[in-house]
Amino acid sequence: MSILSGKNIVKSYGKENVLKNVSVEIETGKIYGLIGRNGAGKTTLLSILTAQNPASQGEITLDGKPVWENEESLSHICYSREISPVTMFGPNTLKVKEYLATARAFYINWDEAYAKELIKLFNIDIKKRISKLSKGMLSAVTIIVALASKADITILDEPVAGLDVVAREQFYKLVIEEYSETGRTFIISTHIIEEAASLFEKIIIIDKGEIKYQENLDELLSRAYRVSGDTDAVDKATEGFKIYNPESLGRNKVVTVLADKPVESFGEGVQVEPVSLQNLFYAMCMGERKEA
Amino acid sequence: MGELSKRAAKYYFVQGTKQALFVLAFLAMITVLNCLVFVDGSVMDSLMDNIGSSIRYGSYMIVLCNFMFSVYGPNWYDSIALSLGCRRKDIFIGEMIKQVMFVLSDFIVLIALATVAKQEYIIVLIGFVVLGLVMGPLGLIVGHKIKRIGRIVVLVTIMVGAFFSAMLSNIIAMRTEAFITEGCPVTGVVIGFIIVAAVLYTLFEFWAYNLNKKSMVV
Numbered sequence: 001m002s003i004l005s006g007k008n009i010v011k012s013y014g015k016e017n018v019l020k021n022v023s024v025e026i027e028t029g030k031i032y033g034l035i036g037r038n039g040a041g042k043t044t045l046l047s048i049l050t051a052q053n054p055a056s057q058g059e060i061t062l063d064g065k066p067v068w069e070n071e072e073s074l075s076h077i078c079y080s081r082e083i084s085p086v087t088m089f090g091p092n093t094l095k096v097k098e099y100l101a102t103a104r105a106f107y108i109n110w111d112e113a114y115a116k117e118l119i120k121l122f123n124i125d126i127k128k129r130i131s132k133l134s135k136g137m138l139s140a141v142t143i144i145v146a147l148a149s150k151a152d153i154t155i156l157d158e159p160v161a162g163l164d165v166v167a168r169e170q171f172y173k174l175v176i177e178e179y180s181e182t183g184r185t186f187i188i189s190t191h192i193i194e195e196a197a198s199l200f201e202k203i204i205i206i207d208k209g210e211i212k213y214q215e216n217l218d219e220l221l222s223r224a225y226r227v228s229g230d231t232d233a234v235d236k237a238t239e240g241f242k243i244y245n246p247e248s249l250g251r252n253k254v255v256t257v258l259a260d261k262p263v264e265s266f267g268e269g270v271q272v273e274p275v276s277l278q279n280l281f282y283a284m285c286m287g288e289r290k291e292a
Numbered sequence: 001m002g003e004l005s006k007r008a009a010k011y012y013f014v015q016g017t018k019q020a021l022f023v024l025a026f027l028a029m030i031t032v033l034n035c036l037v038f039v040d041g042s043v044m045d046s047l048m049d050n051i052g053s054s055i056r057y058g059s060y061m062i063v064l065c066n067f068m069f070s071v072y073g074p075n076w077y078d079s080i081a082l083s084l085g086c087r088r089k090d091i092f093i094g095e096m097i098k099q100v101m102f103v104l105s106d107f108i109v110l111i112a113l114a115t116v117a118k119q120e121y122i123i124v125l126i127g128f129v130v131l132g133l134v135m136g137p138l139g140l141i142v143g144h145k146i147k148r149i150g151r152i153v154v155l156v157t158i159m160v161g162a163f164f165s166a167m168l169s170n171i172i173a174m175r176t177e178a179f180i181t182e183g184c185p186v187t188g189v190v191i192g193f194i195i196v197a198a199v200l201y202t203l204f205e206f207w208a209y210n211l212n213k214k215s216m217v218v
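Chain order of the listed sequences is A and B. Numbering-wise, the numbering used here puts 205 at position 205 of the first sequence, and it's gapless, one number per residue. Numbering-wise, the numbering used here puts 212 at position 212 of the second sequence, and it's gapless, one number per residue.
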């Protein structure tokens, strides 16, 4: 098992700290989900881990060897990011086939046959210019590059943006198939959490440039609960726990609880339900209220 | 040389060749148009006369286009290569390969034309090639520096660069031709020019290397 590690990463743009002493460890052979709000630092973190953006401070290694300008490390990584339909000089007049040819030139394990299969599956006209593609088609092209690269560590940054529901399901299916066949590591950054959650083994939650959680998804969800009932009963039951997004409706109250370990019982008088990743993340974004 | 380095070198070699073919195709089109529009006598005679003009235009384009294609690099083609896992060091070397390939390909074709049409442009062409090579890293520096400034500044910079390249090219051409026709010794001038160009080239490449070291995907 290899480890892509980022230690004490700081990234600043002028006086603004986009990443604040972030440490992350990616074990190979797993599917990671990276979630966070807009501007949380997801893309910056991914681009630094893959040496596409220099860190202001910190160390990024793959199996102990630096990733920065290291041919051996870089040959194991593919970071397929959003292609811009516009360049500084005007529309991006590169054709899809030219872009894919460039990807083929650089990715050592590029699978041309698989790429052709995916082009057909997503119904992409490779003679079209990138500037003429819809948002969904641009996403499809980034998915094609990511999957056909056959890189050991494949990173996709919001790959399903703009894709219709059929294409999204196709993508999830492709990732699972590819993972089952090859054991490749995938890191998927997405806002469509509910759909993608079933793929993730591990989850990284980033907020305002800091990693909030980085753990096994099942373990995280095993200690997340939605507790509802009479206000006094809920307050009593959740005393001492980390509470997110409390909502009151008349005499009733609903809170999301994230405990340090699985809770056997919250006592009587309250209803306890499991929480989905999306609802947990939403609750976290709404804010924490710690009970005394 | 590692596998990734070889792939990067091959990619940029192909890019340089494509750019050279683009410019040569454009030149061929202009030559044919000139022949057809300004026919004086037979088409063949017109063609031979127009080859001289084409060689001159081609010389200007070596300088101008190498500058412009290099300006595009940091914000477009190099950025794509970087996003696909290419190392910055390989991009830097690749850009050198691309520029040399572009300049030399055009030079070889133009020299061949000059020989066929019995035009005495060899020294002038060498001057343009040297200038064209110097404009390459200068274009990279401009491309790096104007990344954050915006499109209007880009366009203005390219226009200024184009005007500067054309003006410098014309001065060199006229001065060199004057030396040739007046029978003045050109050796000292040519050697001096090459030395200055080599120094500038080295400085510009060093500057471009330092800018490239910290580049990020656009």
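Hints listed in this document are in silico derivations from the structure and should not be mistaken for laboratory results. Where a beta carbon is used, it is the ideal one built from N, C-alpha and C, also for glycine. Any given hint could turn out to be false.
[Claimed, not checked] One side only, chain A facing chain B, incomplete, derived with CB under 8 Å:
1. Leu46
2. Ser47
3. Pro54
4. Ser56
5. Glu59
6. Thr61
7. Pro66
8. Glu69
9. Leu74
10. Ser75
11. Ile77
12. Met88
13. Phe106
Hint check, Met88 of chain A versus chain B [nearest Cβ-Cβ separation less than 8 Å]: 5 Å, holds
Double-check Pro66 of chain A for me: the hint is only fine if its C-beta lies closer than 8 Å to a C-beta in chain B. Cβ of Pro66 of chain A sits 12 Å from chain B, so the hint is violated.
Take the shortest C-beta to C-beta distance between Glu69 of chain A and chain B; is it under 8 Å? 5 Å, holds
Any CB of chain B closer than 8 Å to the CB of Thr61 of chain A? 16 Å, violated
Have a go at the Leu74 of chain A hint: is there a Cβ in chain B nearer than 8 Å to its own Cβ? 5 Å, holds
Interface hint status, Pro54 of chain A versus chain B (Cβ within 8 Å): 5 Å, holds
Grab the minimum C-beta distance from Phe106 of chain A to chain B and call the hint holds if it beats 8 Å, violated otherwise. 4 Å, holds
Given Ser47 of chain A as an interface hint, is its Cβ closer than 8 Å to any Cβ of chain B? 6 Å, holds
So, Ile77 of chain A near chain B? Judge it on the closest CB pair being under 8 Å. Since the shortest Cβ distance to chain B is 7 Å, the answer is holds.
Measuring from the C-beta of Ser75 of chain A to each C-beta in chain B, is the shortest one below 8 Å? 6 Å, holds
Tell me if the interface restraint on Leu46 of chain A is satisfied: Cβ within less than 8 Å of some Cβ in chain B. 11 Å, violated
Does the nearest C-beta of chain B fall within a distance shorter than 8 Å of the C-beta of Ser56 of chain A? Since chain B brings no Cβ nearer than about 11 Å to Ser56 of chain A, farther than 8 Å, the hint is violated.
The structure shown violates the earlier hints numbered 1, 4, 5, 6 and 7.
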